[in-house]
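Peer 1: Given the coordinates of chain B, assemble chain R onto it according to the supplied hints.
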Amino acid sequence: MNGMKHTKGFWLSIVLAVVIGIVIQFLINGEILDSFYTNTLYLIGINIILAVSLHLIIGITGQFSIGHAGFLAVGAYTSAIITMKLGMPFPVAIIVAGIVAAIAGLIIGIPTLRLRGDYLAIATLGFGEIMRIIFLNMNYVGGASGMSVTHMVTWPWVISCVIITIVVITNFTNSRHGRACIAIRENEIAADAMGINTTFYKVVAFVIGAFFAGVAGALYAHNFYIIQPTNFGFLKSFDILILVVLGGLGSMSGAVIAAILLTIISTYLSNYPEVRMVIYSLVLIVMMLFRPQGLMGTKEITAFFKVGKTAKGGVQNDKHTVA
Amino acid sequence: MTSTPLLKVEKAGIRFGGLKAVSDVNLELNKGELVGLIGPNGAGKTTFFNLLTGVYVPTEGSISLEGEKLNGQAPYKITKKGISRTFQNIRLFGELSVLDNVKVAYHSLSKHSILSSIFRLPSHFSGEREMHEKAIEFLKIFKLETVMNEKAKNLPYGQQRRLEIARALAAGPKLLLLDEPAAGMNPQETAELMELIALIRERFQLTILLIEHDMSLVMGICERIYVLDHGQLIAEGTPEEIRNNPKVIEAYLGEEVS
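Sequence order for the protein chains is B and R. The first sequence begins at 1 in our numbering and counts up by one. The second sequence begins at 1001 in our numbering and counts up by one.
Only chain B is shown next, with the shape it has when bound in the complex (with noise of 0.2 Å):
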């Protein structure tokens, strides 16, 4: 059966994942990649939870949210507060701010996500820059200056942190509940009468997606030595939506794919800085200029493997409304 298969290429993968994870940890114990490496691989890491956690928003569910950054912002402060201030441990810090974050999300889902399109947008916009500027103004967290924080993140974490956030969304999106999400994407008017309760699944996966982030941004607190409110600006909420806009909307596996590309690409003209931006830029532009539809399109990476599973993922239309 389609499902058998399915859940056995699903564990296939997943040891994949792990079997590769602990090759890199003997790479780094071995000291064959150094802690340039390491750190890129960490970056990539947390912006694969990013990615993924954003795609289930806006690919999935269709709702063009652009104040992931401020997700981000509550969970790296969260976790900071808790190593640093509590004196709590790390894993505890991860969990916490996950679940903070996720109650930013429900508390901006449930009066936001009534709005559509540009308007949406627009109000989660001003949610990221709210929390930036919050934690601007707070002096217990540091304000202006930031907030020193310890190096904890090890390989380990990241490796499973993603593991996690890839199988909870993709289980989530494989199941009657994903198909309610994508139904909304595709006509919400249709999906409502069809009995899916849209406001509540517009909000499922708001909070499932800010949970991530929170996750995402533990990581990153303790991977930086030092996390400032500026760090979390509208421009990181861009950088992660063109994770996800890149990879193709409606395709997880093109979300990882980007974030691993465009980490790479970063990290490497790092070295470049007068001139950085402006590659950067070229290679979003002539991406979208030759493939539209984003790296993947609507394709998940199985697809090329197995012939006759329906692809998930996909845009509404042919056009993106935003963006």
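Watch out, some of these pointers could steer you wrong.
What the hints assert, rightly or not - 27 Å max Cα-Cα, derived DSSO-like pairs, lysine-lysine:
no., chain 1, residue 1, chain 2, residue 2
1, B, K8, R, K1011
2, R, K1011, R, K1247
3, R, K1134, B, K8
4, R, K1140, R, K1080
5, R, K1077, R, K1111
6, R, K1151, B, K299
7, R, K1143, R, K1153
8, R, K1151, R, K1134
9, R, K1081, R, K1111
10, R, K1140, R, K1031
11, R, K1111, R, K1140
12, R, K1080, B, K8
13, R, K1008, R, K1247
14, R, K1008, R, K1077
15, R, K1153, B, K299
None of these hints come from the bench; they were simulated from the model.
Peer 2: Below, chain R without anything else, positioned relative to chain B:
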């Protein structure tokens, strides 16, 4: 039939600002009836469907299903109570497969929770299996099982229309509202559609309210017909009565020059 009507609409209407789109509509549907709703373009037929399904909230009157008031309830709740519909302009979930379109409609009859799906608990698998089997059952009735893995947007027009009805049925309605199901179909497709409507009505014990412009279809299968013009009911009766009703003729052909 002496039992309480399935659907009872009393003096229902809606105004958009100063415009009375629909007003003072009284309508009753008994269980198992197949009733037509006709009227010239812009008469308010689709607006009336939108009132029934909760897309618009009536500004006057009341609508009740099996004695329960529906006014002001969210569309998805009304669907769960047993009113399901198709759309005049097809509204399928284009990027989803034909099978998944039907599964989406079966959503509200399924129970497994979000957590069970995320952690892949046994209830997820049994729930999804049941959905899968049910969906295939519906597709077989509508002869769509051969294209079940196609994206809905890639289907030919006639099949898209049928898929819309299949999807509406999968939501488990007591009352099915069909908004111009034969629009854009050729005579042969329309004939097939008539058979199909009769078949599903028999099989699912449905009550059907149908908007249609194709008079052969309406006169052929409907037991009673309501006629709407300028937002108001102008006639009600059997096809024969409607055919000879001077008001109806006037609404369709214009007033006689005297």
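Peer 1: Each hint should be assessed against the structure and marked as holding or not.
Peer 2: Results for each hint:
1. B:K8 with R:K1011: 58 Å, violated
2. R:K1011 with R:K1247: 20 Å, holds
3. R:K1134 with B:K8: 24 Å, holds
4. R:K1140 with R:K1080: Judged against 27 Å, a Cα distance of about 24 Å means the pair holds.
5. R:K1077 with R:K1111: 15 Å, holds
6. R:K1151 with B:K299: 13 Å, holds
7. R:K1143 with R:K1153: Within the cut-off at roughly 17 Å; holds.
8. R:K1151 with R:K1134: Measuring from Cα to Cα gives roughly 19 Å; hence the hint holds.
9. R:K1081 with R:K1111: 16 Å, holds
10. R:K1140 with R:K1031: Holds, because 26 Å separates the two Cα atoms, which is no more than 27 Å.
11. R:K1111 with R:K1140: 24 Å, holds
12. R:K1080 with B:K8: Answer violated: K1080 of chain R to K8 of chain B is near 35 Å, above 27 Å.
13. R:K1008 with R:K1247: Satisfied, since the Cα-Cα distance of roughly 24 Å is no more than 27 Å.
14. R:K1008 with R:K1077: Within the cut-off at roughly 18 Å; holds.
15. R:K1153 with B:K299: 16 Å, holds
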